[in-house]
Each structure stands twice: as C-alpha cells, then as structure tokens.
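So the chains spell out like this:
There are 2 protein chains.
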Amino acid sequence: MAAHENTMNDKNRENPMRDRSIRGAIAFVTAALLGGCAATTSMQADAPLTIARQGSFFVGGHDVQSDTLSVLPAYAPSGTISVEQMYVHYQVPVSPDLLSLVFIHGCCLTGKTWESTPDGRMGWDEFFVRKGHPVYVIDQVARGRSAVDPSVINAAKAGKTPPTQLPPVFSAGHESAWAIFRFGPEYPKVFPGMQFPLEAQAEFWRQMVADWSATLPTPNPTVPALSELARTLKSTVLISHSQSGIYPFQVAALNRDGVAGLVSIEPAACPAADGDLKPYVGLPILVLWGDYVDLAPRWAPRLKACREFVRAANVAGGKAELVLLGDVGMPGHSHMLMQDRESLKIADWLASWIATHVTR
Amino acid sequence: MAAHENTMNDKNRENPMRDRSIRGAIAFVTAALLGGCAATTSMQADAPLTIARQGSFFVGGHDVQSDTLSVLPAYAPSGTISVEQMYVHYQVPVSPDLLSLVFIHGCCLTGKTWESTPDGRMGWDEFFVRKGHPVYVIDQVARGRSAVDPSVINAAKAGKTPPTQLPPVFSAGHESAWAIFRFGPEYPKVFPGMQFPLEAQAEFWRQMVADWSATLPTPNPTVPALSELARTLKSTVLISHSQSGIYPFQVAALNRDGVAGLVSIEPAACPAADGDLKPYVGLPILVLWGDYVDLAPRWAPRLKACREFVRAANVAGGKAELVLLGDVGMPGHSHMLMQDRESLKIADWLASWIATHVTR
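Chains as they are written, first to last, in my numbering: chain A, 1 to 360; chain B, 1 to 360.
The following block holds chain A by itself, in its conformation from the complex:
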C-alpha cells in the first residue's frame, strides 16, 4: 500500500486543495480495501460473510399536496410528494436462528451510525448478522434517505409565508457535540482513558447531518413506523440510541405486538417513573450506558431519571435492567459506544444479554 500512498501524495502536490480530504479517504478506503476488521471476539470477523438476502424498503409515509415544492423553472411548484416514510436496510443471515434486531440512530446522525466505525472497523450492523440475527437499520423519518418536505422553505423564499415560520432544522457543531458525545468535558479536552477513536475524528464529523426532528409531531412519526415494522417482523428487539432512546418505549406503549424486547442506549429520556408503566410489564428492557455520565451536566440527570424509571417499572412487574459498561468490565466508553475501540466487545456482551433475556 506504500506505493499507492506515494502515488496519491504526488497527486496531492498537484492539487493541494484536496490534500486533507484525500488523506481521510486514504485512511478509510485503505482500511476497507485491506479488510481492517480485527477479530476482537470469538467470531472470525475477517472471514467472508454469507447472507441469505439483503435489501431495503420504506415503512409508513403519506402524501401531501404543495404549491411550493420548487422555485426553479425546471421543476413544477405544485404537486404531491410522499413524506414521513422511514427507510429500512436489512440483511438476513443464512440461518436466522436468533431474533431480528432493529437499529435506530440518534440526533444529527443516520443509519450510518451502525455501519463501519470512523476508524474503519466492522459496524454493529454486520457484527449482529454474523452472530445470526436478521438486522434492520433505519434512517429516521426526515433524515438521511427518508425524505423531508421543503415546501416551507420555498414558501418563505417566495414571500408567501413569513421567515419566522421556517422549520427549526439544526446542526450540532463539532464544539458542542464534543461534550454531548462525551469525548471530554468540553471541546477539545478528553476524558482520561476515553475509548472513542479520536485519530479518526474527522470521519465521525462527516457522519453528522442536519436534524429536522424538532419540525415533527410527538411522538416522532418514526415511532408508528417502527411499530409497523415490528408487527411485520412478528418478534424483534428495538435498539435505540440517544435522541431515539425513548422511541422503543413509545412503540411498546402504542402496541406491544412484535416487540420482544427493548434496548435503549444512552437515552435522552426514559419514560416517567410516575407515568403509566403497564406497557412495560413483562417486557425485557435494557438501558445501557457508557462512562463519565456523572461528569456530564447534560447526561447525569438523564441517567438518574432512567434509574428511577427502571426501579418503578420493576415494581410494576417489569423486567428492566440498567447497566453501566464500566460495571461489567468495560470502562472508558463515550456516548458513541457502538463506534468506540471496544465496540465489538460491547456488541458481544449485548448479544449475550439479548440471548439470555429475550425470547420470541
């Protein structure tokens, strides 16, 4: 690969503008081409992968009519578009002996969260297929490959509605995201022993996208779409992260059909401990956390509230568990624990938890 990199560097000299991003591309494509999946578990992670089938489809969605789809002459302003559908990509192993899993990303991210890590290691999407689980990875409604409606932008641009009615679409900047993702207490300080692969930080920032969730109703339309998906799959474990942490609970409250268990990783919110806990009776629930939570003003109260929910749910007949990874021998994990250095060790632990706690 050295000769290849030299060639690339020669090109960089001709076109220095692209130098930085080429270095990034080399790092990740090199990992991809050379198959950089360290076998950190009992599984032969760099062996070929055989699957029965793969593909993608949408769940949910409805049609809306608009007269401000476009301000460009090449595209008509009036017409019908489909919105609030949820993109789903799936892979089914040859012997799908285990429960299907649905992976739901968090704020300002897409289904990419569960694919290759920023430093080019295997993502959880592939790991759990190799374990024998059918895996479904979604893009939340109005994110990634799930469409947004640009009508309000064009209406404001054309002067038909005041700009104050523009959608509150936001992006999280690197500096504030740093603390939210708990790489350290504040940008660019790092928590001691923190396990996120910071040498690939730029690749992680490229995963982040603008977030339209504040423009959507409550519950987020992703929730009924997940309910449909669960019912179609008949028996599945919903695995959410951060902003989407509450979604599996909302799905269970909507309809328990098809929901075999819930895993909520570092949720922005758990259900209220003094709320209606009947939807969770008898349902295996895991609320999973990384490290440094009590050092983060944004996260410490959320952990506390989740502890209270788990306690109350169990009093009400639930089968809920809250686990800090440090308490099971894996300290140092950030909010993006599915991408941390020990991501596959955590995945292996989670696979065991599911195997021992959730039945069809």
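Please keep in mind that the hints were generated in silico from the structure rather than gathered at the bench.
Since the model is a prediction, treat every value here as computed from it, not as a measurement.
For every residue, glycine included, the Cβ atom is placed at its ideal position computed from N, Cα and C.
Among these hints, one or two may not hold up.
To be verified - To be clear about the criterion: a stretch of chain A counts as covered by chain B if any three or more of its residues have a C-beta under 8 Å from a C-beta of chain B, and this derived list gives those stretches:
1) 53-60
2) 71-78
3) 277-287
4) 344-351
To be verified - Straight-line distance between alpha carbons at most 25 Å, and here's what the computed DMTMM-like set of lysine to aspartate or glutamate pairs gives:
5) K234/A with D46/B
6) K189/A with D67/B
7) K234/B with D119/A
8) K160/B with E175/B
9) K234/B with D46/A
10) K319/A with D276/A
11) K160/B with E175/A
12) K345/B with E321/B
Since the structure of chain A is provided, determine the placement of chain B on it from the hints.
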C-alpha cells in the same frame, strides 16, 4: 403467509389510519422475508450471497464555521460543521476478479436507487457483487446520508438574512416526475408496454427526497469526491444516472487517474460535441437509454445532443457508444430502467458490455 396477513388485517381494523401504509409494508417486507428475487439471469439470484467485506465511509468534505446552526436552546447556534462530504457504501466479493463499479444516483433520489426495486426484487448493487464486481454506491453531496448546511435557513428564520437568500431546495412532485421518469406522456397516462412496476408506484415515490443540488457550485462537489474515490480504487467504472449523467465526464476531464470507463444512463446532459474532447480519447464510454425518448419533449433533445457528442468523441479518437435498449432487444424501458421489470436482464447486458469494452 396468509395467517400473518390476517393477523395484520385484524390490527388494521383497530387502527384504520395506518391501513394504507401497512399494506405497503406487508408487500415489501413479504417480498424481503420470502426472498422474492426471480432468477432472471444465468446467476442463481436467490442463492445465499457471500462477500469478502462490506462497509461505508465518506470522501471529501470540508469544515465551515457558522453562527446560525440552530435556533433551538438545546443546540448552540455557533460552531463548526463538516459539509460537502460524499457517503459511500461498498461490498466486495470474495473473488473480486472484475473491475470495481461506482453507482451514482440522479435527481431527487439517493443511493437507494440501486438497491431493492420498488416491487422488492434484487437491486443492481447486489447483482453486480454477485457477478464478481466490487460495488460502491454513493449518496451525492448534500443528499441522503451526505450532510447539508442548514445555516441559511436559520439565518433567515432569525431575520439575519432576507428570505430571498434561502437555498433553492426543491422536490419533484409525483405528477411532474411521472413524465420526467417517462412512465407515460403525462400523469397518469402510461406508455404502451412500459416496464416500470407501477403496482409498486407508492414505494417508488417514497424513494424521492428534497434536492439541494441547485445550491451547490459547478461542478457539483460530488465530482471531485468521485475523482478521489476513483484514484483510491485505482481502476473503476463510473456509472451515473440522469442528473448525475454528466458527472463521470466531468471526473474524466478533471483527472483520468483511476477511471477505467464511463457508463452514463439517460444523462440530463452529455459534454458539448464542440467542446474539448481530449479527456475522452481512448476511454470506453457507454451512453445508455431506455424507450419512448423521442416521445418526451424533455428527453428527445438530450438524446440528440448525446448522439452528437458520441459522434464527435469518436472522430476525436474516442471509444464511445450510444445504445437504446430497444435496439438490443429490450423495449419498453422507462427512465428508471434499473428498477424496471427486466432490470436484471439489463444489468446482465451491461455486465457483458463492461466485460468486453473496459479493461483495467
């Protein structure tokens, strides 16, 4: 499956609001779960798929500072975000004897274009991996999993910039898209013998997303990102569609390194016949079209201009070819020919064309 559908229908009665989208979900997930890939070619399309590796990464991108990332209290308005990166998903077969292929979607769509068809059959992404090609599927810059910058929206919402400066982001409505995709001369008329699976039309509409391409510089930043990717892959065939039809030509004009051949499917534009043709000398080029082109006022002049380009490129020492699928025994194809009923027959023909025309 009948019992399963009955169960779903019972649920629908309880919640009729979701009836329509559940029917859609059933159709596509049923196809997925039962493995609905008809073996339309010599390949055993419903046999298990074995690959050496898969994953995803980004190419390109740069950081920008903004003071209007957010108008929400939970997210800071000021900070740095990464924009103009290009998402790439890849799968590499166990014996990658053949050239790598990069698939580039068109207007108002994402990389989903090349995945499962609307009626649940195998997508070209999987077909070409099964053929032995390493396959790279991208989301164009500012589309799908490749981020957009929401700063201008928030600046207008906060009154810092006039709404006339809002980005010209647009969606194509179903009614106008119908003629653009040449399902028929106008919505909802259908061309006789047209091969798009109209019974799954609603699933196709769900693939469409808002398009920010008019907000981007020329050439689209996807073009230098594709050039980086091609150079990293060393030898690849760039396969574009519609709006992105011109991109492979622009990549070749930027830098021929890594570009083994170009396939432009129904391009919105070919290079000018009286322009600089040196970038294309000796390069295998295929410009591929479906049917009904001369019946479509939007497309007929584009076909004519591409014919003129191909003629001129060959006079200048090129190896360009323009093919209408009807002329090689496959009539009736729409603009979305990679999703038409004979999509895998077309793919098989294309695989043969690449094998006989393109060398590393």
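Against the structure, the hints:
no., hint, verdict
1, 53-60, "holds (count 8)"
2, 71-78, "holds (count 5)"
3, 277-287, "violated (count 0)"
4, 344-351, "violated (count 0)"
5, K234/A with D46/B, "23 Å, holds"
6, K189/A with D67/B, "22 Å, holds"
7, K234/B with D119/A, "21 Å, holds"
8, K160/B with E175/B, "36 Å, violated"
9, K234/B with D46/A, "23 Å, holds"
10, K319/A with D276/A, "15 Å, holds"
11, K160/B with E175/A, "23 Å, holds"
12, K345/B with E321/B, "19 Å, holds"
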